[in-house]
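Visitor: Kindly produce the complete structure, drawing on both the sequences and the hints.
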Amino acid sequence: MGKRIVGFFLAVAAAAVAWGVSPGTDVWIPSVGHGPGQYGSQWRTDVWISLPSGSAAATVDIFFLPRKLESEGNTWPPLDSYRFTLNPGETREFVDIIQDRFGKDSAFGALRIVADREVLVTSRIYSAGLTIVTNEGNKTGSTGQFFAGLPSTAAIGANQTTDLPGAEESSNFRTNVGWVEVTGNECSLRVEVVDGNGTVLNSRTYTVKPYAVVQKGSILNELGGSGSNRRLRFTVVSGSGRVLVFGSRLDNGSNDPSTIEMRTPALVDRSQGLFAGAFLETGTTTGGVRFSLVSQGVSGFYANGLVDCGGVPFTLDFGPNTTAVEVDSNGAFSLAFTQDYNDNSTKVLTVVWSVTGQVASNGTASGLVQGNVTFAAPGWTNCTGLTQAWRAGWVSP
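So for the sequence shown, this note's numbering puts the first residue at 31; every next one is plus one.
Because the hints were derived from the structure by calculation, they are not lab data.
Ideal placement from N, C-alpha and C gives every residue a C-beta, glycine not left out.
Please note that the accuracy of each hint is not assured.
[Claimed, not checked] In silico DSS-like pairs for lysine-lysine, Cα to Cα no more than 27 Å straight-line:
#	residue 1	residue 2
1	K98	K134
2	K134	K246
3	K246	K98
[Said to hold, decoys possible] Computed beta-carbon distance windows for the label pairs:
#	residue 1	residue 2	range
4	S83	Y112	17 to 27 Å
5	G228	S111	41 to 51 Å
6	W106	K377	37 to 47 Å
7	P118	G254	46 to 56 Å
8	D135	S83	30 to 40 Å
Guide: Pasting the structure below:
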């Protein structure tokens, strides 16, 4: 029996929350427009697209998808698009893009930017033509907000959840929210209003059509949860569509908006997804682990454990379990495997592997594996099972 390391090992770092602007080849700006809004506002959108690195130019397509009624979607490809070439290191600025590039005087919606190389996308939507009173006299200006381009991979899918904190509906502030479907498939989206104590005040489930672009003005009034310090929780409860969500908190006096960004990456529900990761030994990886979370619990747990035979380490694979093991309400689970190991056709070891694990709500999991040698053939009696820590991250639905 050799020092075997199975081939599936994935050195996957545990999933971490990635804030900030992310480059991508399929990027969405969820809220753009040119036209009038509430309280005398006049909205415009500027966009910046950058190719910060590399030695080859990128071909970039910008698609405009109009905002429609809740019950409507969009066809693909849309009627309005624009293609250009972006050179390495170049940033292209599009001022008032909806009117200047697409010729629309009153239109709101979303932009999809598709490129053959990763590009960085940022934008500003703002109310223009305001009279601003200063110590130096009246000036003309604008109030606006920043929207980062969101890669389509940030969208939530079935059994995934994201939040928009800081919503308010009062005489001073209003909150608009919206969503964009990014795959061309339908889904059902549940929106919950949560107060500062974590209590769900009200909820409603919406049908999201393929490539739908929807905005809800003053959504707290619609859902019945007006007040301050509200959090909006979005969950895709069914369907194969995937959704990006966004929010704007606006001052009713000045129309000054503040962006409420969706929490990314999407929260992975404990009932679904593939996890992959590694065992850790004094700061280095010594083997791999993978398993699936299904509605019944942990299934297909397959890993490499470590046995020490007189100072010679052997990496041994074990699993998978074919019957799902329940995950309790705290995210904990445990399971055991009894595995025989042969040298050619002769059994030389039997090891009982005891696994404990804890699944976290941020898409990570961790635990311990302990090996106990219960049978050793002559020449293998100095083998001892070791205890190792493991850590894994969610990698796919």
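Visitor: Does the Cβ pair W106, K377 satisfy 37 to 47 Å?
Guide: Check failed, 58 Å falls outside 37 to 47 Å.
Visitor: Are the Cα atoms of K246 and K98 separated by 27 Å or less?
Guide: holds, 11 Å
Visitor: CA of K98 to CA of K134, is that 27 Å or under?
Guide: holds, 15 Å
Visitor: Is it true that G228 and S111 lie within 41 to 51 Å of each other by Cβ?
Guide: With a Cβ separation near 44 Å, G228 and S111 satisfy 41 to 51 Å, so the hint holds.
Visitor: Within 30 to 40 Å: is that where the Cβ-Cβ distance between D135 and S83 falls?
Guide: Distance hint for D135, S83 holds at roughly 37 Å.
Visitor: That 17 to 27 Å hint for S83 and Y112 (C-beta), does it hold up?
Guide: Between S83 and Y112, where Cβ atoms are some 23 Å apart, the hint holds.
Visitor: Okay, P118 versus G254 on CB: inside 46 to 56 Å?
Guide: holds, 52 Å
Visitor: Would you mind confirming whether the straight-line C-alpha gap from K134 to K246 stays at or under 27 Å?
Guide: Holds. K134 to K246 sits at ~22 Å (cutoff 27 Å).
Violated hint for the displayed structure: number 6, the only one.
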